[in-house]
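Novice: Chains as they are written, first to last, in our numbering: chain R, 154 to 637; chain B, 62 to 570.
Be aware that one or more of the hints could be misleading.
[What the hints assert, rightly or not] Just some of the chain R residues that point at chain B, by a computed CB distance under 10 angstroms:
{"hint": "1", "residue": "Ala276"}
{"hint": "2", "residue": "Leu287"}
{"hint": "3", "residue": "Ala291"}
{"hint": "4", "residue": "Val306"}
{"hint": "5", "residue": "Val336"}
{"hint": "6", "residue": "Phe419"}
{"hint": "7", "residue": "Arg421"}
{"hint": "8", "residue": "Ile424"}
{"hint": "9", "residue": "Ile558"}
Hints listed in this document are in silico derivations from the structure and should not be mistaken for laboratory results. Every residue gets a Cβ at the ideal spot worked out from N, C-alpha and C, and that includes glycine.
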Amino acid sequence: MSAGSLTSILIWLPIGGALLIWLLPLSRYATGSLALLFSFAEVGFWIEQLTRFDFSRSGLQMSERANWFGDLGVSYHVGVYGFSLWLVGLTVVVMAACTGYGFWVGRDRPRAYFGLMLLLTGATVGVFESQDLLLFYAFFEAMLIPLYVLIGVWGGARRLEATVKFVIYTMAGSLLMLAAVVVYGLQAGTFDLVDGPASASRWLFLGFMVAFVIKAPLFPFHGWLPDAYREAPPEISAVLSGVIAKAGLYGMLRIAITKFPEPTSFYRTAILTLAAASLIYGSLLAFRSPDFRGVVAYSSLAQSGLIALGLFAGTDLGFDGAVLQMVAHGLVSASLFLLAGVVERRTTTGEFRLLGGMARGRPALATLLMTVGVISLAVPGSSMFAGEFLILAGVFQRAWFWAAIGAVGIVLAAMYMLRLISAVLHEARGPTVVDEALDLRPGELALVVPLVGVLLALSVWPAGISHHSFAPDSPTSAVRSGFK
Amino acid sequence: VSLNTPHIDWFGLSPVLTLTGAAFLALLCAVLVPRRHRRITGAFFSFAGFTAGLVLAIWLYVDSPNGHTIAAGAFYRDRWTALGQIILFSVGLATTLLGVEHMPGWGRGADRERRDDHIAEFFALLLASAAGMAFFVGAANLITLFLSLEWFSIALYVMCAIDYDLEGSLEAGLKYLIVGSFGAATLLFGSALVYGATGQVSFDGIAHAIATQELTGNALLVLGLALMIAGLSFKMSAAPFHMWTPDVYEGAPTTVTAWMSSATKVAALLLTFRVMTTAFPQNQHLWGWAFAIIATISLAIGNFAALVQKNVKRILAYSAIAQAGFMLIGLSTGSALGARALMYYLIPYSAAAFGSFAIVAARERELGVPVTLENLAGFGWERPFLGVAMWFFVFAFAGLPLGGGFVGKFYVFAAAYDHGWVWLVIVGVLATLVSLYYYLGIVRAMYMRPAEELQVQPGGGVAVSGGAPAPEALLQVAVGAALAVSVGSLFAVEPLIDLAKHAASALPL
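Here chain B stands alone, though its shape is the one from the complex (with noise of 0.2 angstroms):
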């Protein structure tokens, strides 16, 4: 019997191959290295795959100027996919560097005598979740986005849950995979729906059947993109589908929060982009309206939400909607300008999400309670470095000039004017006017008010663990690079918007 096997391009898959050789590898560690040696040698593997990741991801960028898919069509190969590797696999160094000090986290009711009970399970999920990222900013079809949705989303839901001792995490890690679930339902229905208008799985084949059999119009098409529509959105928590991302964010820990808030979102937006102009270039009339109506809703329900929140981050979370609705800006606009503004807008924005609840983690360390606005009291003063960090990505956030989050919204409001489309770049101008309040709130808490308003002892939290609290070496280089990437791209327009444009020359735009 002679099997018919399509040629694979190794070399194509090669990051997400390497993520997942390493996520084989920590939980190897789990089973076979003595308990207390477990963090470190987690930990070096993440590091170690996330590297490799990141120079074969840097590598396929420079290799593959002329997009192509392989694997039998089900995989991309180009620079869409290659960039979106590299800002993931950033992300994820950089969670691994917050993980060594910060998993699981630092609750007053947590157990330290198992701090490294899980921690080796924990980085085999990170490194697990990227791969599956890694491999859905590729997809090509039907199956293959599905497939690789549901390989992160799992992963991603036994992160949330992986600290039981901390108040919280399970009904995250339960919330989280329960809506998800939904959601990964409704986008498998919509896609089924999809393929049985079409008869085609692939991207390029499903916009081929669209053009050629006239389908734009056909309810059964129609009905499946919105499904669709509706199910990448819940993994990108725009409003009306970003019930849970508040609970799950809040509750999740720390760790496990900044890396969902800002790598789930470049994943999902960057997948939903190419979907969306590669099969459905037909009912951009459709699909664009869809976006710029839930890019509203987000900004609206996420900027307005935030105003009365208490807790630090469920502010981060809401502001995490907000910013899916300013990005979904770019997104709905279908064209050459929005991809560049998306993808340019996606690199100021991870590095200051990833920072600004890392920074959260080291407050929560110190205390070893949720952070609240009323707790940050004096934060900005006894901190520093992470106090400025803080500052600079808030203000990254809400679009002031201290770094790219200003440039990211111009050229989302560029793209939005460019596409005719003036009325959304008034609703974003008005939600960054409301966003303002909460997010100078968090530097007002941080600054203005005075230590002595903290109502918490600090030091709770290290102070179970016995003895002096271990520096936090490894965040400040975290923040560090968040801050110098957030900061950075204020003044490295030019070459990153190169680099968006090679990428997005990828898509048919």
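The shape of chain R in the complex, shown without the other chains (with noise of 0.2 angstroms):
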């Protein structure tokens, strides 16, 4: 098999897998399994694709290009570079753990379900691998449609107005990207990413910008988030902070930054701001939610305020933590998300007035959640300290202020994540916690564990990734070059 068929079988496979799954008429056991099947095929195909990548070459890498339509420019172009090889693991590691989830709490109408999961597995994938934007542009909105039903079918009670408010918000960025789309590729004479130009156009930059700042998404584009992250099932949830925010801040750096070099000085410090206001902003929140849900929902949005104050940071150390934090974050929130589920499920609710003390009794679970929460808080030597500590680097190259905003930002989250643990764990046994709800059980365990074993692995060896991104170029030069 060849290397670009590899990074195509990664987009194409979970597709198959779920017209299969739609044409099959199978049992709903059967259904689960056979999903699952195709999402751990994901992640050993992705494992293949890691181990046969050379991280000592720069540049586009198992690249497969097919001609779309000719007469525009356009064409089915995929490929990998580091940072997009990671966050495709990312992706396979999260969509299989929720599909496991979905499977392990037996959702309704299985064949639908499972079908919708690998449909946006699939597109995920695309997004990250797509090196033409109109593909891109394709995957990215191609997310969206199995999101919309996923949170509108297996959501909670407010779910029809939260996926309305999703859908137009962020149909309002992409849409605006897809005029930019067609204006940036007819300009350039090409819809390449890697061969396309450098463009000046400030206008371009901020259609591109407004789509991506939505998804991510950054304070004051942050409308949909809280509904969204409560209404949907918690697995749906994991994906949609995990994976699918990512897309938005893999998209800052893919194209925004790469393409639009003038603009992005010129705008930097708006988007700095920016970006610092969604990271306080966020933790306030976080730290003033009521609910389980709602502080990793907000804790999400701080977190993609940080990882954005990286990227436009500009150096290079504000490129290497923003890749590792994306990932080391993308774990850690779907961990927390279906950690929340698992709450959820045993007590019928997320609200910390009706919770706590729940440690007493269920070892596993106070210990998963300790350690994804302290992860999570950046306590030193955890992956997400080395993350946010490259940023704050990063960024105070830029200047000091932007650091020490971070730094706030730092602080409040171990506010509103030891209180999250408090308020769940600890403190008096809440209303809704009988002694019958159990502890994790093995299905449980089997999902949440390696999430976090990869965090503590990440933890252990942060320069994986952090060092594996962009080499062996230096980020900056690789950014400047355009990924060339």
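Hey, can you piece these two chains together into the complex? The hints should help.
Specialist: Put into structure tokens, the structure is as follows:
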């Protein structure tokens, strides 16, 4: 199998799996198993891709290219860079865990559900691997379609409002991006991301950025976030915050910053301000949030701000830290949302005033939530600490006060995360926490423990990502050369 | 006395003649065949006629790389005509399949005893209207243009009213007749003024006269052009000439609506592009702007009016107005890229338009009452195939990347930008955003509402006819084919664009 077709397989295997699941009249159990099998195969293919990837070489690797429609210069062009490889890995791992969660809790209408999960996997991997603007756009939009149905059908009581808000917000951004894609591509004569020249147009830059800041999201474009994260089924919230949000941040790195160097520096202060505001505001909202998922949702807003701070610092450390933080936070928030789901299943609620004292008699739950929580508040030695440290150091090189704001955000992270841990695990036992509520079952452990294991591995060796995202060039020179 | 008859290229006219012949045969069925066999015989002639027409149109496409006029300059034999006919006849085939099970409609008041009374006439009219449209897309002078417009319009008026048991059908036919005649009269008046200004009826001759006699700013000509634009806009149901569309689409039997919403638009848009670029290239500054403005109004009115509708046929009718707006963006550029964009857009559009109405027809038959957003509840889970197909069709309309609608939208935006009209791209983008609300509303109604919300007892329409509901195999085949075209056009962009490019090369761009 050639390296390029491996890249394509990662996109099309889950989409083919989705079609297969829709067509085969299998039982609930068989459908879930088949979907899980496809998710594991996806992880396997990604590991194969990882082992074949040559980190000592710069530029696009494992690429595949075919004509889509030549008269406008649009092609099917896929491939991976170091940083996109890590994000693909994040996608397949988180999606496998979330598919497993859906299987474990026994979602209704399994064929529709698992088909959509696989479709979502394929579309998201497609976003991270596309090297053609229109193809990127198509996958970026395609992510929305399964998400819309997944939230709208399997979500909570107020799911319909949440989906409308979510779709209108994100489509408003991405349609402006479509206009920008058309204009950029026709001006450049090609839609290819690798060949395409840099542009100095500020309007185009803003057209792309508005889509990415809504998807990420950054303050003040986060209006859809609290509803969507609360009303979605927990595993979909995990996907939204762990993976989909990262697609917006990836777009900033791959397209906005790379293709528009002049507008990037022109708007740098404005975007850094938004990023810092997201960090502080998100952290404060997380601290005030009355429920488990609210805390994780707003902390995702804060973390998106922090990552954007690293990206738009425009320094080597900032880029390295941002990529590491994307992966680390993706795993953390996915684990936290899955744990939120686990807690909600036992107590029917995520509200802190009804929870408490769950640590007693539930050592596995307590240990896992504690571990993820501690990693998430960036305790020294954790992978999140490494990422945040790199970002702060990177943005410090830009100006000291950005780093000062970032440091405040990290203090706030400790506050909201410790509040979450104590409200769920400690304090007096809440009225909804009954003795019959079991500790984590083996199936649940099998979902969360691997995620935590990867996080611990990253804590031991964060350079695995931070030194292998833009190698062998320095990140800034790689960005400056447009990843050629 | 020797009569000077022009040389006729019978092969060039063969698709139109075949369909006309099939229409006569189907009409004979209505008289000669006993009632219980009429449905199957009529459908057979319709199917055979469209298949033969399709084969001949494909043959003509292959055989006419250099376009020219035939029959003394009355008709174009070129690839633009042929490709238009291919699309029209494909929709006609699908409509035949739909008509077998769903004509007349399945309203609760319908008299089931007389279901087969006028079925042969329906197929005859379907074939006749298709023949008229096939002639319309190839019209080469003002006379054949008007003649073929009336030809297919009259067939359509009757088709709308054919199901007189169905509430609203007669009203729809009458409304369409009155408004459509008004549009046709406007077109005729405009044509007369253009003839008066230039002294020519053929499209080439008009363009030549305008160029040589410097008539570009001639008041008579400009007024005639304006009236022609208005008359053609009636047929393509572009705002502000759209008033008839929601009522007629809602009232007509759903099979007829499916046929009208896709085929009429194909014919009207392709012919308009040809008239404008062939006869009035000197006046592009006028008609380009006119159509850009009509496109903007259509996008605005179609999308905003659809937001508040509850009846699914009305939502789709307003969506058809908005879709006309998108296609007019491509048309208004008058460029080679615009021609490709328009031709490509029509392929997934006609499939999605036909398919979405076909699915409404299936639901109508289940319930026996008009389909609203309320009574779509649970439909997606009860009929998984039709539900998923509807999902794909509305997302194709919305331009989400589940089908060729996505690429079509991209192409018309590219054409507008290429023409220097960034504002039109922005208008299109904003219109798409508004449209998402009601397109997603249909998906929401089908999937996200529990079936218990359903207010009516299913099976009403079927129960009246007695016995178990007949299987809807043909409808499923037709919807499956439309789905295949809609999704396939996303992957087969290059070959389809090549077809469109060759077709557009017949036009003087």
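Novice: Now look at each hint and say whether the structure bears it out.
Specialist: Hints, verified against the model:
1. Ala276: OK, holds: alanine 276/R within 10 angstroms of chain B, min 9 angstroms.
2. Leu287: holds (7 angstroms)
3. Ala291: holds (4 angstroms)
4. Val306: Interface hint status for valine 306/R: holds (6 angstroms vs cutoff 10 angstroms).
5. Val336: Hint on valine 336/R: holds, closest Cβ of chain B at ~6 angstroms, below 10 angstroms.
6. Phe419: violated (21 angstroms)
7. Arg421: violated (26 angstroms)
8. Ile424: Violated. Min distance 23 angstroms.
9. Ile558: violated (34 angstroms)
Figure legend: structure checked against the earlier numbered hints; hints not met, in rising order: 6, 7, 8, 9.
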